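J.: So you can see what is in the structure, the chains are spelled out below.
There are 2 protein chains.
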Amino acid sequence: MAKITILGAGAMGSGICTPLINAGWEVRLWGTWLDDHLLDACEAGKPHPRTNVPLAKGVKLYRSADLNKALDGSDVVVMSVASGGVPKVTEMALEGISKAKALWLTSKGFCPDENGKIQLLPEAIRTIAKQKGVTIPPIVAIAGPVKANECAEGKPTATIFGCKDLDVSRKYAREARTEVYCIEATDDETGVEICAPMKNVYAIALGIADGLEEGTGFPHHNLKAATFNQAVKEMSLLGQALGAKPETAYGLAGVGDLEVTGLSGRNKVYGVRIGRGETAKDALAEMERLEQTVEGVPAAGLATTFVEQSAPQIKDQLPLLRAVHEILAGSSLSVVKILSEAVLPKMP
Amino acid sequence: MAKITILGAGAMGSGICTPLINAGWEVRLWGTWLDDHLLDACEAGKPHPRTNVPLAKGVKLYRSADLNKALDGSDVVVMSVASGGVPKVTEMALEGISKAKALWLTSKGFCPDENGKIQLLPEAIRTIAKQKGVTIPPIVAIAGPVKANECAEGKPTATIFGCKDLDVSRKYAREARTEVYCIEATDDETGVEICAPMKNVYAIALGIADGLEEGTGFPHHNLKAATFNQAVKEMSLLGQALGAKPETAYGLAGVGDLEVTGLSGRNKVYGVRIGRGETAKDALAEMERLEQTVEGVPAAGLATTFVEQSAPQIKDQLPLLRAVHEILAGSSLSVVKILSEAVLPKMP
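Same order as they appear, the protein sequences are chains G and C. When we follow my numbering, the leftmost residue of the first sequence carries the number 178, and every step to the right adds one. When we follow my numbering, the leftmost residue of the second sequence carries the number 178, and every step to the right adds one.
Okay, chain G solo, but in the shape it has when bound:
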């Protein structure tokens, strides 16, 4: 039985245990120093506090001090911590990662290095390994429309594994597959990695369009659909500028993940608040008071800088990214006007 160690016992780390156990893996779940209360709940047989679903039976739990034990002899390591924690956990787990046959990655985001250069997470991990002189196995970027709680519950779920070596993504897409957790394989790591944090930014825009009904008394379905369309286009364009395949954004990683992220979740809820008339600042303060982290907010800033650094030639082709950035910065223009200018077709 192949052994897999998941680093990070949050929503996605714990959620992915269900298909892995059902697919016959020996699953070890390691909690960071921030995850003790999550493991406490799981050990007490209670639902996981982040998914509200009990952890799959048979998962072995490891506390933060037991990282080496958790990694010992594992065939696959899965990085599932919040994006900000990826560099630190990568360093801590580097030896175990180097001995594994693959490093899977469900963490998503932009990762600034000490010089302010923003990297996608696989590149950041490779850079750290290189600096330490350690060789790491192929990285499999995991994305697609996966709400962790539904994954944990065994609800039907489609996901995508992206590895530069297609044989590797195919192998694991077969080996982690269950009847309800079904995996597409691609060699487009970059395409998959670009879509994941960008969709959090664009989900804010979708939420704004949703909120306009409450704010103005009228639904703005046409504007929401045009916003969705523009978001997909921008994910595809940005991916292509970085060497990704255009179609990745048109599939599960882009269209699919944007659809699910726009249905619920904190980015969308934050957007709804703005759409109904709260200022971006007040809405964020309220989300923070409720202890609801809005990933799309820092992602919007990081994405903007990332584009300036890595794809400046297409900066003007991403008006929706700019629009979200402007709205979050507290623009005095109406959000309808800002969104409309960003997403409605230009004069042909």
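Bear in mind the hints are in silico, worked out from the structure with no lab data behind them. As the structure is a prediction and not an experimental result, all values here were calculated from the model. Check the hints yourself; a few may be wrong.
In this list, chains with the same sequence are indistinguishable; a pair is considered to hold if it fits within one copy or across any two.
[Unchecked claim] Simulated crosslink set (BS3-like; lysine-lysine; CA at most 25 Å straight-line):
no.	residue 1	residue 2
1	492	523
2	523	348
3	341	523
4	458	223
5	294	422
6	265	309
7	234	422
8	276	294
9	422	348
10	276	514
11	523	237
12	278	309
Given the coordinates of chain G, work out where chain C should sit on it, guided by the hints.
T.: Here is chain C on its own, set in the frame of chain G:
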């Protein structure tokens, strides 16, 4: 001032009057023999019964008997009747159409000829004209995420004009554009025409996924997103099989229109009923009792036949179309199972 005559005074025919008036056209709206009550309401200054929005000021109304007067000297004719009425109205208006510089088409659907051969509407119109020995001007297929009521209200709206002659679609995309009604131009008439009726079929599937929350007590967001993804893929594949560009389905005509159709509307509502546990038959009877025509139901049957006739080589690549067809035919399998098998990735 250019003259435009809209044939059909329903939701879309009346809705599109707003941008056309605002763009400076002389607009004539002709009602069919079924539209008298709609024109009555407009003439009385009441909201249009289908959009709940008053007709744009300055539109000239014509009753069904005054077709020739309505068409006299018009630069553009717009076909906006229900798809079943397109052949008859085409024949009636053929002389006026032949004298115009373009025929725009907001009607959408599959059109069976007397031998049961199913055509897309532009082809059906061209066939009728040819049979009558009449030359007609270029056809401009109009689609995209446009709720007619929002268009009528002047809410921000993105749409797409598709004409085989790109100069023609560009010309009208510029001339009908307003600040809030913005038009993309393409030469992919087929791509635009395929997406429009197919999205009604797929919107039923999205509704089913939505209804599962009520039916099973659990949201099925992951399944809904995978369904959305598969629907877009199938629209693109079917379009390509018929000579369309793959990207048309990934833009306003496909992704955009599916998004807006999945947000509300009768196809979605019908799907929700099935998702929450009604049989397809009972749900349809209830919709009929409420006088809510569900366009996606006949479209699912016509689309299936259309594929068999015109693109049999990709029949097996459209599992979601087949799934909707099976569900509507009253399959005894659970809808979750049928949808899952259709939309989750196959073993790679």
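J.: Run every hint past the structure and note whether it holds.
T.: Hint-by-hint comparison with the structure:
1. 492 x 523: within (16 Å within a copy, 37 Å between copies)
2. 523 x 348: between (44 Å within a copy, 13 Å between copies)
3. 341 x 523: Close across copies (20 Å), not inside one copy (36 Å); limit 25 Å.
4. 458 x 223: neither (36 Å within a copy, 42 Å between copies)
5. 294 x 422: within (24 Å within a copy, 38 Å between copies)
6. 265 x 309: For residue 265 and residue 309, the Cα distance is within 25 Å only inside one copy (13 Å; across copies 76 Å).
7. 234 x 422: For residue 234 and residue 422, neither the intra-copy (39 Å) nor the inter-copy (48 Å) Cα distance is at most 25 Å.
8. 276 x 294: neither (29 Å within a copy, 62 Å between copies)
9. 422 x 348: The answer is within: 21 Å in one copy meets 25 Å, while 32 Å across copies does not.
10. 276 x 514: For residue 276 and residue 514, neither the intra-copy (53 Å) nor the inter-copy (40 Å) Cα distance is at most 25 Å.
11. 523 x 237: Intra 55 Å, inter 30 Å, cutoff 25 Å: neither.
12. 278 x 309: Cα proximity of residue 278 and residue 309: one copy only (19 Å, versus 70 Å across).
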